[in-house]
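J.: This is what each chain is made of:
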Amino acid sequence: MKSSFWVKVSAILWKDVLTEFRTRDTFTSVLVFSILVIVIFNFTFVPGSQMFETVAPGVLWVTFTFAGVLSLNRSFARDKEKGCLDGLVLCPADRVALYLGKMLSCLAFMLVVEAIVLPVFAVLFDLPLYLPKLAVIAVVATIGFAAVGTVFSALVVHTRARELLLPLLFFPIIIPVIIAAVKASELALSAASWSEMTSWLTIIAAFDVIFTVAAALVFDYVLEE
Amino acid sequence: MQGRLIDYSLIGVCFTLMIAAISLISVYVPTEEQMGVVQRIFYFHVPLAWVAFLAFFVVFIMSLLYIWKGDEKWDFRAYASAEIGVVFTTMVLITGPIWAKSAWGTWWTWDMRLTTTLVLWFIYVAYLMVRSFASDEERGARFAAVVGIIGFIDVPVVALAIVLSRTQHPSPIVFEGGLASSMLLTLLVSVAAFTVFYVLLLRLRASTRQMTSEIMKLRQELEI
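Chains as they are written, first to last, in my numbering: chain F, 90 to 314; chain Y, 196 to 419.
Bound conformation, chain F alone (with noise of 0.2 Å):
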């Protein structure tokens, strides 16, 4: 039976990885977004002042939010555009298998596209390009956006003007983490050491295991009988 879930959640995991390596068309476009807006950000600041260091953690987090909630968008409407939500439904698995099937294909899609933008980033913003601290925040952080995004992006789907209304509902949730990892990652960069991290990379794990539970438990609700 427990070997049986994860069987489940691993196709749908799979499924997903495939559809994106064979067709690449979100991921192309994310990661172009997401390079895109890091160098609009560049040309808003006087490079080499000051103001870089204290507002590269913003402008990263900028990023990744924005590249989240993109890549959040694609997740379901290709499924239901495809047919593919549909017999995701019908299929014999349960809700929770589902959402975590769905949730870990979004959270490996954020992953795959910030381990290519945070080397970019540390190149235009004239940073170390080994940053274990800053790669551990946006792991922990992904699982959050990936967590609370999942549900709503099963939601926005059947509803109109779903693009617009994807930002509103997952940006004012996800305000703590984005919060705590802005925080996390000033003091990465700044050279702390992992102790004068913990609290916030607590409060990001905090919010990843109450919205991992509290979504799974919901997800039910957002998806057609």
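Bear in mind the hints are in silico, worked out from the structure with no lab data behind them.
Every value quoted in this text rests on a predicted model; they were computed, and no experiment measured them.
For each residue, glycine too, the CB sits at the ideal point set by N, CA and C.
All clues stand as given, with none of them false.
Where chain F lies over chain Y, by a calculated footprint (3+ residues, C-beta under 8 Å):
| no. | segment |
| --- | --- |
| 1 | 319-327 |
| 2 | 349-356 |
With the Cβ distance kept under 7 Å, some of the chain Y side facing chain F (calculated, not the full set):
| no. | residue |
| --- | --- |
| 3 | 330 |
| 4 | 334 |
| 5 | 337 |
| 6 | 341 |
| 7 | 344 |
| 8 | 360 |
Dock chain Y against the given chain F, drawing on the hints supplied.
T.: Same frame as chain F, but now just chain Y:
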């Protein structure tokens, strides 16, 4: 019939309390020494904020009940409460800066209460938008319930994150030594008046929705 009776008595109580509150605020209560006359906005601002938070808590409870029981009547109450909550939060966000400008010398500070209230406003505006953007009523109700639950769980986390991030700017403490008894009395009467007003609005709005839904059902039966 019984519902009507409750409504009429609520209107009576609400009217009496409002008159009492307004006369207490404008005549009885002494003007605060340091902040002057503008401080009287406090007796509106605090009750409005209290009702707004109460309304969102009611949205949360009604959303849970709706999802659990599936009965429309819980949804009508959640919807009505969210509408009232958004209107009251809007008034809180308007009265607050007016008072803050003369009391603190600034329209806005990013302290915990202000920022959390603003985030709440965004969450419940999105809640109302989900309803109007959903393709049909039943779907909108279900989606809104999900937003109502997730949104409410988010509030303490938002507050915590803001408290921790703003430690360098201590939030302004308005009444360190507590309130004078005349001020406390005025505040309590005003809070009571606005709470009764909320209950009244909630009842009327939810029953209007109930009736609208019944009329729609009857119309469908007759036409098709």
